[in-house]
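J.: If you want the building blocks of each chain, they are given just below.
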Amino acid sequence: MLEGRLVRLRALEPGDLEACYRWMNDREVTHFLAMTYPMSYADEQGYIERVSSSDYTKGVSLAIETKDGSVHIGNISLENPHAEHRTAAFGIAIGEKDYWSNGYGTDAIVTFLSFGFQEMNLNRVSLHVFEFNERAQACYKKCGFQVEGRLRENYYAEGRYWDVIVMGILRDEFDALHSKTG
Amino acid sequence: MLEGKLVRLRAIEPEDRARAAAWLSDPEVTRYLTYRYPSSDGDWMAGPPGPNGYANGVWLSIDTHAGEHIGAVNLHRVHYEDRKAALGIVVGAKSYWGKGFGGDAVLTLARFAFDEMNLNRVWLTVVEDHAAAIACYKRGGFQEEARLRQEVYRDGRFLDFVQMGILRREFEALISKGGSDA
Amino acid sequence: MLEGKLVNLRPLERDDLDREFQWVNDTDVTRYLGMRYPVSKAQEEQWLNSRPANDFGNTALAIETKDGVHIGNIGLHEGQPENRKASLGIMIGDKDYWSNGYGTDAIVTLLRFAFHEMNMNRVWLHVYAFNERAIACYKKCGFVIEGTLRENSYREGRYIDAITMGILRAEFESLHAKGESDA
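Residue numbers (the numbering used here), protein chains in the order written: chain A, 1 to 182; chain B, 1 to 182; chain C, 1 to 183.
These are computed hints drawn from the structure, not numbers from a lab. The reader is advised that the hints may include incorrect statements.
Stretch by stretch, here's where chain C covers chain A in the computed footprint (C-beta under 8 Å, at least three residues) [claimed, not checked]:
(1) 2-10
(2) 48-57
(3) 118-124
Just so it is clear, the structure is predicted and the values come from calculations on it, not from any experiment. Where a beta carbon is used, it is the ideal one built from N, C-alpha and C, also for glycine.
Excised from the complex, chain A in its bound form (with noise of 0.2 Å):
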């Protein structure tokens, strides 16, 4: 379990499946990550399967929790770390769309951009964010994670090809803004 001011991070359960099952169906959450495809209940149910026990090989996901009321809120996770050269990909979903916009999803991600530091001991992460995802890119900016690049018409929905942004934050500059303790 890792904490956070505001949330707490959490391995996934069977019982998480409902919550995921309808925020991966919900169109206004999935347009902001990379999916195209429905998913039915069983893809769903693989997916937490597969990612419920985490270790450096396998990459961590994690359920994010509210501290105040337990509320299974979003996902986070590190994928596809890399033993030698230290890099993992980062991806946060929040799918409780109340929960949008109130520095959660900033607090899930410097608690576990810690984790994957200090624990795992990467020394760089990075993600992809849609160009139309200002909202997203601000909050990364916020966590420290800096613009290292666009891919042009990397992604296609809604009828048309959108850039995709790739952004990165490395261990150094982790350490620099946020102090070790927390």
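Got chain A sorted already, so can you dock chains B and C onto it with the hints?
T.: Coordinates of chains B and C only, in the frame set by chain A:
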């Protein structure tokens, strides 16, 4: 292929096993190894269960520059987060003992561990009475860290093992000083 | 059931799950153990239910106070029959029971079992160098510091040393004469 001053380290091939089997049936060779039961097929040197890397460890045959297969060296128990691995070596061709071939193989593998695999620590254990090996590891920059009392039972008695380790920065300092030819 | 002075050591049971789950997700507890990643209840349940029976290679037991409160686990792992050695691991998950002699009693009880029933010759362990409370406890039980493994682990943003400690059967015998009270 990893190039040392005296040796080359290469992937293990099936035909190495007959030689390995001969070495491992020689008590002069095995008395310093944690190898106990006779085996007909050199399985101890069969190599990794999958490709060389963090997951399976790194298992290599030692060749002289002239192409003679003289032993094997490995990194096992590779730890992703702690970035450490255990080193093991056997020089089975006894005519090459005491001539720096083992030391060169250790140094060459340590360089690979730090420079390519991005490890921070390499450690090993060696039986207390194997003075030549302990001296060789010391020349290669390994420091004695512990004496594991009565660690292993051999020839009717318990023997101490010496645990040794080298850190990345120590290895780099050693190399930049002109290197050890251990 | 192994009887100590303050605790009993009993097999782990399926209905220990809720406590186990809570402890392995408590960073106050896991920061001293080689555990990093959050564990799901489903995963913990699977671990608990699929454990093979205790044997020479691996033994895990629940630590219970004499009042029957399950406060942690203790085990012997990596048992090697030829070398007659194993590593010891302990977790007091219920923080209310820290620093009250329960861990010491559990360790001495398990060591007696290891040496007298399993016929071990050596029991060893690694402990993070910053865990001074544990090191003091292990010393009290008779473990001797055998060395410092430099930068052996990465935790909380830095490399930390591990202390390797060991106790031999003969040492245990002279410290804890049979039938006499301990620690």
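J.: Next, verify each hint and record whether it holds.
T.: Now the hints, each set against the structure:
1. Proximity of the segment 2-10 of chain A to chain C, defined as three or more residues with a beta carbon under 8 Å from a beta carbon of that chain, is established by the 4 residues found.
2. Evaluation of the coverage hint for the segment 48-57 of chain A: fulfilled, as 4 residues show C-beta separations to chain C shorter than 8 Å, against a requirement of three.
3. Note: the segment 118-124 of chain A has 4 residues with beta-carbon separation from chain C under 8 Å; the three-residue rule is met and the coverage holds.
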